[in-house]
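**Q** Quick mapping for you: the protein sequence lines, in order, are chains A and B. Under our numbering, the residues of the first sequence are numbered 1 to 862, in order. Under our numbering, the residues of the second sequence are numbered 1 to 433, in order.
Everything labelled a hint here was simulated from the structure, so no lab data went into it. As the structure is a computational prediction, the values presented were derived from the model and not from experiment. Don't take every hint at face value.
[What the hints assert, rightly or not] Pair ranges (Cβ atoms, derived):
(1) B:Ala-49 x A:Gly-441: 21 to 27 Å
(2) A:Glu-87 x B:Thr-46: 56 to 62 Å
(3) B:Val-407 x A:Ala-247: 57 to 63 Å
(4) B:Gly-17 x A:Glu-484: 51 to 57 Å
(5) B:Gly-325 x A:Glu-190: 30 to 36 Å
(6) A:Gly-395 x B:Asp-119: 24 to 30 Å
(7) B:Asp-20 x A:Lys-591: 45 to 51 Å
(8) B:Pro-243 x A:Pro-150: 49 to 55 Å
(9) B:Gly-325 x A:Asp-492: 34 to 40 Å
(10) A:Pro-467 x B:Ala-49: 56 to 62 Å
[Claimed, not checked] One-sided excerpt, in silico: chain A residues whose CB lies under 7 Å from chain B:
(11) Val-7
(12) Val-13
(13) Ala-34
(14) Pro-181
(15) Lys-184
(16) Thr-327
(17) Tyr-719
(18) Glu-722
(19) Leu-723
(20) Glu-734
(21) Leu-744
(22) Val-762
(23) Asp-764
(24) Arg-770
Don't be surprised by glycine CBs; every beta carbon is placed ideally from N, CA and C.
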Amino acid sequence: MAEAHPVGFQWVVEAKNRGAKVIHVDPRFTRTSALAHTYLPVRAGADIAFLGGVINYILSNEKDFREYVVAYTNASMIVSEDFQDTEDLDGLFSGYDSELNTYDQGSWQYAGQQAEGQEEDESHADRETASGLEQESHGPPIPADVPRDPTLQHPRCVYQVLKRHYARYTPEVVERLCGVPQDKFLEVCEAWTANSGRERTTALVYSVGWTQHSVGVQYIRAGAIIQLLLGNVGRPGGGVMALRGHASIQGSTDIPTLFNLLPGYLPMPHFKQHESFDQWIDAIRHPEQSGFWANAKSYAVSLLKSYWGDAATEQNDYGYGWMPRLTGDHGTYQQVLDMIDGKIKGYFLLGQNPAVGSAHGKAQRLGMANLDWLVVRDLFMIESATFWKNGPEIGTGEIVPEECKTEVFFMPAASHAEKSGTFTQTQRMLQWREQAVEPPGDARSELWFFYHLGRIIRERLAGSARPRDEGIRKLTWDYELHGELQEPSGEDVLKEINGYDLTTGKLLSSFTEMKPDGSTSGGCWIYTGVYKDGVNQAARRKPGREQNYVAREWGWAWPADRRTLYNRASADPDGKPWSERKKYVWWDEAKGEWVGEDVPDFEKTKPPSYRPPEGASGVEAISGDDPFIMQGDGKGWLYAPSGLIDGPMPTHYEPAESMVRNPLYGQQANPTRKVYERSDNLTNPSPPELHSEVYPFVFSTSRLTEHHTAGGMSRQLAYLSELQPEMFVEVSPELAAERGLEHLGWAHIVTARAAIEAKVMVTDRLAPLRIDGRVVHQLWLPYHWGSEGLVTGDSANDLIGITLDPNVLIQESKVGTCDIQPGRRPSGPELLTYVQGYRDRAGLTPGHHTPIETPRDEDGQQ
Amino acid sequence: MGSNSLYGPLDPALDAGYTDAPPRMGFFTDTSVCIGCKACEVACKTWNAVPDDGFDLLGQSYDNTGGLTANSWRHVAFIEQPRSSSGAATDTPGAFAGLPVGPSSVPATNVVAARSAPDTGTSPGIPPAVDALAAAATAGTEFIGAAPSPGATGGCGSGDTSGGCACGGGSSRGGASAAGSSGGCGSGAGASEGCACAGGSSHGGASGVGASGAGAIGVGASGSGEFLGMPMTDLPGRVNEAPRSDFRWLMMSNVCKHCTHAGCLDVCPTGALFRTEFGTVVVQDDICNGCGYCISGCPYGVIDRREDDGRAWKCTLCYDRIGDGLEPACAKACPTESIQFGELDELRERAARRLETLQSQGVAEARLYGNDPSDGVGGDGAFFLLLDEPEVYGLPPDPHVPTRDVVAMWKRAGLAALTMAATAVVAFAGRRK
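Here chain A stands alone, though its shape is the one from the complex:
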């Protein structure tokens, strides 16, 4: 955190100064470790084993916050008797389909609900479209009426299922899998549990590299399970917080730049699953389900009204027919492979540098070199704009500048100081920023670019009678324009996002005012209220010292300006604060409403004693003691009976590339991981496959404080470049001795994809671990360098292959296996021969197939 989020780290320092204990778990000793009280080295890719160990510690020592767990989580719910655990099936849950490598989730359901689960082909389609992302703002469908055992004694209640699942994740096993000494592991367990409960809360903060694993979603799930067991969700000082890698990453999923989502986490229609408007709506709201998603039609219709205005009518399903449709996986990695295969002709890159920043750099560059046209909008001439003349493939002969057919249009972009607008940070808070200066030269904002591009396209299509152009012709496309540059008004756009009452023309103040009849508009329902009372609430700037610690008059947070989600959980089931010290939102009996420091995340006047009438659905079905109002059952989920493709509980699988045989299960790696098996995307062998020793070391990548991601904003600046001027690789003294690496000398690192070179940094900050009885070396690389800028170097992401998490299609880019050797890598065509030599030795020959499901002998043994 100190490395990648130094500004946020000031709060850790402040907490430490007030007496907080800081523990840092990381494969290498970083600037964060330097300030921590305790540092634990851990093997990259073994986090679920570690967190599962913590869960086991909590459950076997009964350290959970029992009242919270019984009342607010699904611990008491009874799971179907058809369910079988990974403990029963050697690493697979029940319902596995070996053909599709996916699950029929029927048996994962609660008792009596088996018909509700997704079947394997549906699950497969969900993997193609990363449907897990839709659940950022709401849980997957689940019926409310489920058998429960509040004593938590029923052998099939979630609590007992969880306990059995993690029973083997003992401190000994954690040591064996993660390399963490048991006494240090127990120190973490004790600190975490001691600092949770009625009087205290613990925050779990992670940076988004944590998600970049083939089991990335389950990493976060494991953290969430611990936080729920300890009562650290919906309470002040608790939570699970993702530190984002850029200024508005949260914003870019709320108003998405993702292929599978529409604003506010509405799913992008799928050509088969959502043929009709009603199918689409029902897929979101799930009739009969409780929770706020029951109003999905209001949100969806308002969105379509903001797209098409008067042209969106009830008769034409509000323009639903003009919406584009998904036909499968259109994720960024599928697209790149499609470019290589010549299926995609044109591409826009906005503030993104995949030639350096995305996994498998070579695939990225070869894909872009096979386009007809490419538009790059960036502050500087980045590698993704010059790959055709300066990329590493020029040397190897794989790209010939004279023959590369891609026509690259480079459009200089305005920086954040040269345009106004909002950033949405990890607390879901929108903060408006003013323009400081005019952009230089031809540089323009994204808003300018897309507004005028749209304007010109619409002018070209004005006379078109083709049905496919109708959706573009009928778009609402008028914004106030300012100044010489004809810059559209960002505030106009924010108002459009906020939404209007179309009958009165007034701005909406809450999404609860949205209607399903076309009388309201709103570009992103969760942002409704950001322009409440005609005031740009995101521009509020009352300093923290002039208000209480919740600081509600600084910026604006979705939904409805709630600073802490699910804050009903900060009070007990009767509506009283769990403790005076941690009071936050509570029921005021005299006033008959919820009051407190924050906007209550609950119906304001629904008393704690409210119980839904028989047969209720939607908001009405939410009980007065159900804090998790966006979940179908109002509960925090320790066990996910649906919604996750790779299983209801996090399970330790080895990374897709590992030199360690999974010590816990016959199944080696995530059995549902998304793979793209092709000759240009080979995977290093892992046990029980042969030849994993060809790539004998673990590597991880991350950032340095001094640079920003792919370097586009830092390697062009002398003041930053001088601080970290060269690509380097960090190795332990032990690995240096084993491989003959010299401090400040050259080394090269090899995987099945590439070989890159770097200067050697021998440092005590890395140490070998003992994993399952053998010594495992880890090395670390920053990923900031490329071929452009003041300082250049090989790109670490060239080493990484494309293997994805099945839920959200995030790449496994924080762990892999490699070899490291002293000296520079070969250059020119010899480099290809060199990498091929490794592949040959590793048995990665044509026709090689990496099994997703680990093969077992007939008797079920490995």
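Please build the complex by placing chain B on the supplied structure of chain A, with the hints as guidance.
**A** Coordinates of chain B only, in the frame set by chain A:
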């Protein structure tokens, strides 16, 4: 000239002739919360339009600046040590306890890093291999290669009079010496006692660095624990065999000290260096003629000249900003309040409280540096809270201003003159007889 104008406690602005000067302003740099983000370096360069100092990978942990120069007015030192963080409870296992580790790499990497001399475009800039011999000693490695002469080692950016000042004491701390090469190790003013190579002997053995520092010295050097700048005769690997079990990473943002008695200012013949009303010391670039006297006058080796125009440049404590009621750029940018700007008196009180807190938390080695008005420079306007001996960070243990000895020197010179005169008188008188 006041009674303490040359040495001793003093209000420098008053002494410089300001009649109603504002309170003296300064920096308190608390290294215990420094996270090494280098925002101070970047903010300083951006505000003051300081040029970059080249793109050199130095191999000195994450320090690629190397030291304070005319082109780097803030410098973040990174010190890797195979020892525990201060204040860790004794029952807490070390960072790498229980892992299959071997000896520390710190001494060996220091030897390599000591050879990496950045080209900063300044003079004297960062002297090459300033600490190489010392590093070699701690590594127990026979140092071969571009060994500088002992004179160059001792130079440490201080020039003429400090020839004997070769130690950079921190180097004897075994592994602590990464920062030793960060410029200005020697106290330039030629006095002997503060500059002695006492570092190793005084704390090498006691500090628990053990395996590397004290061991190396005991075996390799004179046996007295004193490092004399001689190459070691031990074979590689003879020392430092103990597996490392612990580790700490110190970070510290260094800056011009704005001394109460500023050696640079005292020797400046043009008046380019002057004392501001805030008690800080600033070079006026339109007056500086590049004579370089200030360089040998600085007991910290801070001040330095640009090679392109020859003029001297250093931290101004953002004279333009503080005059407008703003805080200096580095302090403004520091996210963890490691760099604190304010009235010096208040900062000293704050620092004393902070020290007390840390020591009560068991950080026994925490200490203040440059806060004492009775020290050799009359106290620094920019002072520090350190977590180890100053030498570990490349700071001189007992700096003092050259003018300290002026009175005594003039007295001696006067006495000598009187004696000579008397002798002459006697001689002439005798001849007349």
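**Q** Are any of the numbered hints broken by this structure? If so, which, sorted upward?
**A** 5, 7 and 16
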